[in-house]
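Q: Residue strings, one per chain:
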Amino acid sequence: MGLLKKVLVTAAISTALIANVAHAENKKIALVVKALGIGFFDAANKGAQEAAKELGDVDIIYTGPTDTTAEGQIEVINSLVAQKVDAIAISANDKDALVPALKKAMERGIKVISWDSGVAPEGRMMHLNPSSNPLIGNMCVKMAADNLPEGGDVAILSAAATATNQNTWIEEMKKVLPNYKGINIVATVYGDDKTDKSYTEAQGLMKAYPNLKAIIAPTSVGIVAAAQAVTDAGMVGKINVTGLGLPSEMAGHVKSGASKSFAIWNPIDLGYAATMISYNLVTGKEEAKPGAELSMGRMGKVKLDDNSEGAMADPFVYDAKNVEEFAKIF
Amino acid sequence: MSSQEMQARFIKDRLQGRGERLLRSWEALLLAVAVIIFAINVWSSPYFLDPWNLSDATFNFTEKGLIAFALALVIISGEIDLSVAAILALSSTLMGLAMSHGAGTPELVAIGLLTGLACGAVNGFLVSGLGLPSIVVTIGTMSLFRGIAFIILGDKAFTGYPSDFAWFGQGYVFWVISFELVLFVLTAVVFAVLLHATSFGRTVYAIGNNPMAARFSGVRVERVKFILFLLTGLMSGLAAVCLTSRLGSTRPSIATGWELEAVTMVVLGGINILGGSGRIGGVVLAALIMGMVTFGFGLLNVPGIVMSIFVGLLLILVIAVPKLVTRIRQVRRKG
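Chain order of the listed sequences is B and V.
Quick note on numbering: the first sequence equals residues 1 to 330 in the UniProt record's numbering.
Quick note on numbering: the second sequence equals residues 1 to 335 in the UniProt record's numbering.
Label-pair ranges, simulated between beta-carbon atoms:
hint, chain 1, residue 1, chain 2, residue 2, range
1, V, 176, B, 314, 45 to 53 Å
2, V, 197, B, 26, 51 to 59 Å
3, B, 160, V, 130, 37 to 45 Å
4, B, 252, V, 39, 48 to 56 Å
Keep in mind that the hints were calculated from the coordinates and are not lab data.
Quick caveat: nothing in here was measured; it's all calculated off a predicted structure.
The beta carbon of each residue, even a glycine, is placed where N, CA and C say it ideally should be.
Starting from the given sequences, assemble the full structure and let the hints guide the process.
A: Structure representation (structure tokens):
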């Protein structure tokens, strides 16, 4: 028993020390993520800490389950309710299953918002989307057009033909096309989010359209495959690959010049904004209801729609200047 | 040494007295661990000793506990059922399907329990009817049952269960005593009586210790095993009713990984993983310990992975300590 006791006591003391760092009078805002140990969410925590520093009287509780399960998140929510935190900002593993637990949290006076991955409206006060479909569509065309002052032929490499989000973004791209002079979308092909198929489709595009100047791939798999295909075909500098991708996967292609820039939400900004919104709800300065405008510190304001949802900002653009730094994060 | 061998040897008719046996039992050790963990929790977090918080914490183990009780019997009989979480998922999915066709609360509960029974019957038939090894069978049905749930639901979810259905997972019988907690206690009593005070319970031990001897003693081994798998299916169905009601929705990924948590609970409860021994009281204590550890660490915002490590260490320690003590004592006696 001696050893067992020692282990238990050591565990307890070390955990108690962690807990005692928090100050009682500070506002406690819990940033609950899908699972711990994911770079994207660790970066969001960085943003939350930045917001806490700016605000001064905030303690961030960064927590989440080990696996991305709703049951795990409910256990976490229950323990946060028990600690009487002031706000819970959650990226949900399941938009419906968390509703009863979060409803209970709100009944006990806790402000609940969701960010990144949303909760059904009855289980939260507002939802913060990293961006919106029109903003994403526009940014994709803009990144291609910025490097084509003379205009030119552009093709889209999507995921599956049935992918709802991809199709929405492509529609939005087509809508904003008149704003960008000389940019023609000549083809849309589908790589099914598979590396080999996306690669072959990108090769096909280069063969079929000799005047092709840019490939827009609004998928993290497609953009990497297209950049590789362009590199292998020796077309770096002639064809620019852009779209939505992850910095860690794209850093090499930005360095080689196959991709001048690409975009994705910035998790740091997202964690920062979620914390700012939570804080303003806790202090009662602002109220989350349809049509309200909530302030997010340096990120400006977010306007809520009828479902109390809002879009934070344009997708964040990564290029040679900042990609290395973010590649370390996610 | 040689002179000692010549002396008459004193042989006790019982290795330990009743009191000593109780004190040295696994349950006593678990009780000590539970008390220590409780004390540490009280000491380390001001929020722990709050009736409502403790009540919330019981949901961490009640549903898994329901499954663990039945699973304990299966493991004592020398078999295993790894499909319990998948049965739960399929039961929940079929309840959702029925709900979307307008079924009311009594029908939903019946469907949940019957689905569990049917799944248990499939396992039971494959194991005792065809004589296949249960670990292989239930790994197979684990994929099968959850696979059916995925076919029915895909990436969608069933929501909008009737409001009175919510009572099973969110309702309270009296003050902070939830329906699930009452169900947990009642089930524990039923299974304790079944295992420790009926001839059926004795046959379960007999099969686990030596199936051949049990068969020659007139025990209908296959039938008993079939009943045990039926029971596990039924309890998984019951857990499905509770969890579905608590979540208010069904997704095919519901209760992912619970089979291992249930097995951990059973083994930590002192049930011999090879069969033949163990008591329900131990499983109850193990459920309490795991629930308290999860909740206590949650209150201190300790990352989940540390909890997993802790439970793993606890499992190894609780199993190793009694063995080590025996070993040390033997060495000393020889010395």
